[in-house]
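**Student:** Can you make the complete structure from the sequences, with help from the hints?
Protein chains in written order, with numbering that gives the first Met the number 0: chain A, 0 to 156; chain B, 0 to 262.
Keep in mind that the hints were calculated from the coordinates and are not lab data.
Don't take each hint at face value.
Covered, in the sense of this in silico footprint (three residues per stretch, anywhere, with C-beta under 8 Å from a C-beta of chain A), are these stretches of chain B [to be verified]: (1) 135-148; (2) 228-240.
Just a sample of chain B residues kept apart from chain A, beta carbon distances all over 12 Å, derived [to be verified]: (3) 31; (4) 76; (5) 151; (6) 211; (7) 257.
A few chain A residues facing chain B, derived, Cβ under 7 Å [stated by the list, open to error]: (8) 3; (9) 5; (10) 13; (11) 15; (12) 19; (13) 20; (14) 22; (15) 44; (16) 49; (17) 54; (18) 131.
All C-beta atoms in this analysis are idealised placements derived from N, C-alpha and C, irrespective of residue type, glycine included.
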Amino acid sequence: MKSPVTFRLNGSATAVFADSGANLLDVLRRGCGDLSPKYGCGQGTCGACTVLIDGEPHVSCLVLAETVAGRSVETTGGLSNGPDLHPLQRAFIEGFAAQCGYCTPGMLMSAKALLDRNPNPARSDVEEAISGNLCRCTGYEPIIDAILEAAKQRGAA
Amino acid sequence: MVEVQTYPTVGEAASAMDDQARFLGGGTLIMNRVNYGDRRFSRIVRTTDASLSEIRVEGERLEVGAGVTMAAILASRDLDFLSPAARAVGGPAIRNMASVGGNLMAPHPYGDLAVALLALDAIVRMVSGEELSLEDFLARRNGVVRSLLIRRPRSDEFRFKKVSRVKPKGVSVMSMAARLTRSTGRLSGVRVAYGAMAPTPVRVRAVENALEGVSLDHAGIAAALSAATEGLDPPDDPIASGWYRREVAPVHLRRLLLGEDAR
Ligand SMILES: Cc1cc2nc3c(=O)[nH]c(=O)nc-3n(C[C@H](O)[C@H](O)[C@H](O)COP(=O)(O)OP(=O)(O)OC[C@H]3O[C@@H](n4cnc5c(N)ncnc54)[C@H](O)[C@@H]3O)c2cc1C
Ligand code: FES
Ligand code: FES
Numbered sequence: 000m001k002s003p004v005t006f007r008l009n010g011s012a013t014a015v016f017a018d019s020g021a022n023l024l025d026v027l028r029r030g031c032g033d034l035s036p037k038y039g040c041g042q043g044t045c046g047a048c049t050v051l052i053d054g055e056p057h058v059s060c061l062v063l064a065e066t067v068a069g070r071s072v073e074t075t076g077g078l079s080n081g082p083d084l085h086p087l088q089r090a091f092i093e094g095f096a097a098q099c100g101y102c103t104p105g106m107l108m109s110a111k112a113l114l115d116r117n118p119n120p121a122r123s124d125v126e127e128a129i130s131g132n133l134c135r136c137t138g139y140e141p142i143i144d145a146i147l148e149a150a151k152q153r154g155a156a
Numbered sequence: 000m001v002e003v004q005t006y007p008t009v010g011e012a013a014s015a016m017d018d019q020a021r022f023l024g025g026g027t028l029i030m031n032r033v034n035y036g037d038r039r040f041s042r043i044v045r046t047t048d049a050s051l052s053e054i055r056v057e058g059e060r061l062e063v064g065a066g067v068t069m070a071a072i073l074a075s076r077d078l079d080f081l082s083p084a085a086r087a088v089g090g091p092a093i094r095n096m097a098s099v100g101g102n103l104m105a106p107h108p109y110g111d112l113a114v115a116l117l118a119l120d121a122i123v124r125m126v127s128g129e130e131l132s133l134e135d136f137l138a139r140r141n142g143v144v145r146s147l148l149i150r151r152p153r154s155d156e157f158r159f160k161k162v163s164r165v166k167p168k169g170v171s172v173m174s175m176a177a178r179l180t181r182s183t184g185r186l187s188g189v190r191v192a193y194g195a196m197a198p199t200p201v202r203v204r205a206v207e208n209a210l211e212g213v214s215l216d217h218a219g220i221a222a223a224l225s226a227a228t229e230g231l232d233p234p235d236d237p238i239a240s241g242w243y244r245r246e247v248a249p250v251h252l253r254r255l256l257l258g259e260d261a262r
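**Tutor:** Rendered as C-alpha cells:
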C-alpha cells in the first residue's frame, strides 16, 4: 500500500507516494531522486542520512516518511545557490574536510543547523553539533575547522 | 510490509493497539526494527494528537506529555532539572526525535531519561486514565502512556550522571540519578536509580536505605557505597561486562552523591 505525502523539499512543493512504513531517506532518494542524503546504517548511528526538518537535524533513515507531511525538508542537494556553493561547502573543500565524502552531506546539514541557530559557535558547540555524525576518514579535526571557518566567512560577508 | 495507521486522537490510537501493533513515538527504535525487517509486529499505530507533546506546569507540579522530545525538554525552562538527562540521549538528531514515552520502553542499555524520572518518583498517566508509579510501569511495560507527572525537585537536591566511554555522545556504561532530600540536615527519603545495571532502569533500595539519616559526606555515604550494587546482576554487553559495571559503580555513585567532578 502506498500513501501520498506532500511536503516542501528544499523550498519546492513536493508530492510523492510512499510505501507503507518507508523511511524518509528512501523516499528522498528513490521517490524524489535527491541522492544527496546517504544510507550508511539504517539505524541512526552514522548520521550520513541527516536532513533538516523544519530547520532541525533528523536522521532521515529513522523518520517515518508520512510524518513529514506539511513540513519543510532540507538536504545538501539544496545547499548551493545555483553555481554558488554554500559557505560550508566552500570551507569543506578548501579545508580538505571531505576525503571519501560519504559522511559529508550529513556533516553539512548538522553544521547548517548549528550555524543557522548560532552564527558564532565555540569549538565545543561544533563538536556537540556533529556528535551524531561518524567520519571514518578525516579524524574530525578538518571538519571542525571547516565549520568554524565557514562561520567566520559568513560573519565577514 | 508494515501497515501504518494514523489517528487524530491518542485515545483512538490506543484502542487500535494489539500484539501485532507498535505505538510510534519518535521512531528512533521502531524504525530501526522496520528497516531491518522485524517480523514481531505488522502495524505501526500513530497519532497526530498535539496534546501528547504538551508540557503543563502547575506550580511545582509538571505534566510532561509522552510525545515530548529530548530537544523539547532541553528547550523548556520549566524542565531545566531534566536537561542533563535529556542531553545524555544520543546526538542532536536523535534528541529531536526521541520521545519521553519511547525512553520508558527502550531496551538495555537505553533509558537514560527514565533513570532520572525514577529518582523523581514520576507517576505514569496512561491513555486509559490509570495512574501508576514509573517503577510499576517498568515492571510490566504495556499500554500507551499519555504523560508523566513530576514534582519539581529543589535545585540543589537532584543529581544525574551518565558514564560512557565516548564523549560527547556514547551509550551508557551506566547512568545514575539521585534525589537527595533532607530533613534537619540529614538525608531522608532519598531516591537513587540506575540505568544499564539491570534489564530496565531500577531504583536501588539498598543504597536508598543506607543513606537514610546520614550526612552527605565521605563518612556518611560509606555504607551506601558498600551497598552500591546489592541485589543487582548487571548485564554483559559490548559496552561493558557485568563485572566491570559492578566494580566501578561505587566510584560513580560517590561522585554522584558528593557532586565530585568527573571528566
Ligand atoms: C543512535 C542512537 C543513539 C541512542 N542513544 C541513546 C542514549 O544515549 N540514551 C537513551 O536512553 N536512548 C538512546 N537511544 C534510544 C532511543 O533513541 C531513546 O531511548 C528514545 O527516547 C526512544 O524514544 P522514541 O520516541 O524514538 O521511541 P520509538 O522508537 O517511537 O518507540 C520505542 C518503543 O516505545 C514504545 N512507545 C513509544 N511511545 C510510547 C507511549 N507513549 N506509550 C507506550 N509506549 C510507547 C514504542 O511502541 C516502542 O516499543 C538511542 C538510539 C539511537 C538510534
Ligand atoms: S543511515 Fe541514517 S544514521 Fe546511518
Ligand atoms: S570523509 Fe570519509 S567518512 Fe568522512
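**Student:** Flag every earlier hint the structure violates by its number, smallest first.
**Tutor:** 1, 2, 3, 8, 9, 10, 11, 15 and 17
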